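Engineer: Sequence:
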Amino acid sequence: MSHLDHDPHAGHTTHGQAPQGKAAHEGHGDHDKHAGHGAHGEVFRRKFRLSLLLSVPVVGLSPMFAHLVGYTVPTFPLSTWVAPVLGTVVFLYGGLPFLSGAKYEISRREPGMMLLISTAISVAFVASLAASLHLASHRLDFWWELVLLIDIMLLGHWLEMRALGAASGALDALAALLPDEAERVTDGGVERVPTGDLRVGDLVLVRSGGRVPADGVISEGTAEFDESMITGESRAVARTPGDRVVAGTVATDNSVRVKVDAIGEQTALAGIRRLVADAQASRSRGQVLADRAAALLFYYAAGAALLTLLVWSILGNGGTAVEQAVTVLVIACPHALGLAIPLVVSISTELSAGQGILIKDRKALERMRDVQVVLFDKTGTLTEGRPTVTGVAPAAGWTEDSLLAVAGAAESDSEHPLAKAIVEAASTRGALPKATDFQSITGRGVTALVGSARIAVGGPTLLRESGAVPPEEVLAHADEWKRRGAAVLYVLADGAVAGAVSMEDGIRPESRQAVRDLHAAGIRVAMITGDARQVAEAVGAELGVDEIFAEVLPEDKDAKVAELQARGLRVAMVGDGVNDAPALARADVGIAIGAGTDVAVQSAGVVLASDDPRSVLGVRTLSKGVYRKMQQNLIWAAGYNVAAVPLAAGVLAGVGFVLPMEIGAVLMSLSTIVVALNAQLLRRLDLRPKSVAEPEKGTHAHSM
148 MSHLDHDPHA GHTTHGQAPQ GKAAHEGHGD HDKHAGHGAH GEVFRRKFRL
198 SLLLSVPVVG LSPMFAHLVG YTVPTFPLST WVAPVLGTVV FLYGGLPFLS
248 GAKYEISRRE PGMMLLISTA ISVAFVASLA ASLHLASHRL DFWWELVLLI
298 DIMLLGHWLE MRALGAASGA LDALAALLPD EAERVTDGGV ERVPTGDLRV
348 GDLVLVRSGG RVPADGVISE GTAEFDESMI TGESRAVART PGDRVVAGTV
398 ATDNSVRVKV DAIGEQTALA GIRRLVADAQ ASRSRGQVLA DRAAALLFYY
448 AAGAALLTLL VWSILGNGGT AVEQAVTVLV IACPHALGLA IPLVVSISTE
498 LSAGQGILIK DRKALERMRD VQVVLFDKTG TLTEGRPTVT GVAPAAGWTE
548 DSLLAVAGAA ESDSEHPLAK AIVEAASTRG ALPKATDFQS ITGRGVTALV
598 GSARIAVGGP TLLRESGAVP PEEVLAHADE WKRRGAAVLY VLADGAVAGA
648 VSMEDGIRPE SRQAVRDLHA AGIRVAMITG DARQVAEAVG AELGVDEIFA
698 EVLPEDKDAK VAELQARGLR VAMVGDGVND APALARADVG IAIGAGTDVA
748 VQSAGVVLAS DDPRSVLGVR TLSKGVYRKM QQNLIWAAGY NVAAVPLAAG
798 VLAGVGFVLP MEIGAVLMSL STIVVALNAQ LLRRLDLRPK SVAEPEKGTH
848 AHSM
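Take any residue in the sequence shown, count from 1 to its spot, add 147: that is its number in this note's numbering.
Note that these hints are calculated values from the structure, not bench results. Keep in mind that this is a model prediction, so the values were computed, not measured. Some hints could be false.
Unchecked claim - Now the in silico label distances, taken between C-beta atoms and shown as ranges:
id : residue 1 : residue 2 : range
1  : P564      : G642      : 23 to 29 Å
2  : L457      : E412      : 56 to 62 Å
3  : R630      : E694      : 17 to 23 Å
4  : A790      : Q413      : 33 to 39 Å
5  : V347      : Q681      : 39 to 45 Å
For every residue, glycine included, the Cβ atom is placed at its ideal position computed from N, Cα and C.
Using the sequences and the hints, build the whole thing.
Structural biologist: Rendered as structure tokens:
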């Protein structure tokens, strides 16, 4: 079919954290982004459990701990050697990752958390060993503090690694939902084959309740699919022939046949896993700040410890000097600071991936909270990106239903998008009559015999060449539609005009709510399109956008982004990623929308798996929540260390208060717990779009 007169826009279509190796593991180098966190988490889990088991007798037999709690230490042969022997084992076994990390930091000349932890446990070990072997004048026993400090650090790093591996682990679990076998359609019927044996071009049968084994296009059948694993949207989505479906999604009600077009690393799931891996590997400004704070804290703590040792030695109390210097180092261990950012990042990555928001660039996510204007591409983003029947004007003797019925019947054999839209609209009102003798007239339209009448459907050229004159009531509607930018198709019955139909690119119902919600958040909304100005202004007026850029060529879209930025505005660009790449890259935040089956959008910092424009609000909610938690954790972690170090050094000794090491160790662990619990509060964020009201009657869609 060819309706070329009516569609002037037919051609329009519408970017980490520091390696944990240096900080936490034996074998401190780069590690596999997908499996590394989980593997190292298992290492820390084993070390923590064994070290904790060995620490119980060390703590229980400690005179200092017994005095603190209030019991008498039991004695038995060689009981005095339990703490030195087991404490040494814990130091060498449990403390090895921190000692290795310190060596790595020294080699890189980047002092940080590992060097501080290693300094603290090494000083405590040497002091305690010297006392146990009677090699020093002091009788200080730090064994119980040493083992507890190592236990606490191992526990913290285990929790950190487990959290960092959660997002990729969740995606691995999704991948595990793929069926082991697929039903491949052959000339002889259907054969069951391992999913890994599928090849591009294969035709597979997906039964009701079954999972799609590979990405592809529906070739036969219609079904509703549960795509929540990809988009985060809980509602099933109707998919018809020609629609793409994604591996792992579920056909909930009917069977369909799918032609495979992507397997293995080319599938959407594989692409999503790559995005999550990139997000975990990228470094945010918050992480950079935390690393700098850890380095500064090392110098601060080391200087404070040396000053403490010097001052207390001058005062003539060598034992107290060593004890308070070690206490300073224990207090200064920035474990809470080390967890402050990674935990927030890992939890937010896991949370967002599970709700259809894929973060490729953490800096883009951070910038989203400061965005002042959101620039939407129109076609395929705010609109459906496909033609929809939005108006029917029947002539006398015809009704809307009867007019659509004969038009749909005549168009039923056509593959043109406009024809499909008419057939779809007509089918919703009842069964279509049978049509015969279908003919497509290039550049004009189609004709077919429907019942005993010759029905023709086409644009102005068909009308002009037929010599038919539309009745006044039909002509009035057609003129109004044209002024709005709609395409108009005329329906002729035996040469007489039976009515007209308007065809426009339907506005997504979600778009109205997205604009309202952005305005409620104090954010301006702009729209950019290659469509004619009257079309763009009609869409903009209905949605209530603040600014419209119309008749913009794809290659000029980035210039419009630059124009907004030149006004001092921070811009988020939202597009479908097809011809919006330069604009997405230039914007402060580039958001690719509707990329559930095409996640390799290189120009965007954020990828929305669904095509719901309201998800942009979810990105902003996540951005604000992540920034708030990062800020709170950094303030608490760094502030605690800065304030506690002078107390551990003994600045209040003149008034009779010196912070004991055991209390310092407890406070340090409490600081870590506070940071970890605060980060977990991020899980309360709901990033999914809220329900949208049905579109009001009388509202129209607009031309593509």
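Engineer: Now look at each hint and say whether the structure bears it out.
Structural biologist: These are the hints, each one checked on the structure:
| no. | hint | result |
| --- | --- | --- |
| 1 | P564 <-> G642: 23 to 29 Å | 27 Å, holds |
| 2 | L457 <-> E412: 56 to 62 Å | 60 Å, holds |
| 3 | R630 <-> E694: 17 to 23 Å | 22 Å, holds |
| 4 | A790 <-> Q413: 33 to 39 Å | 54 Å, violated |
| 5 | V347 <-> Q681: 39 to 45 Å | 43 Å, holds |
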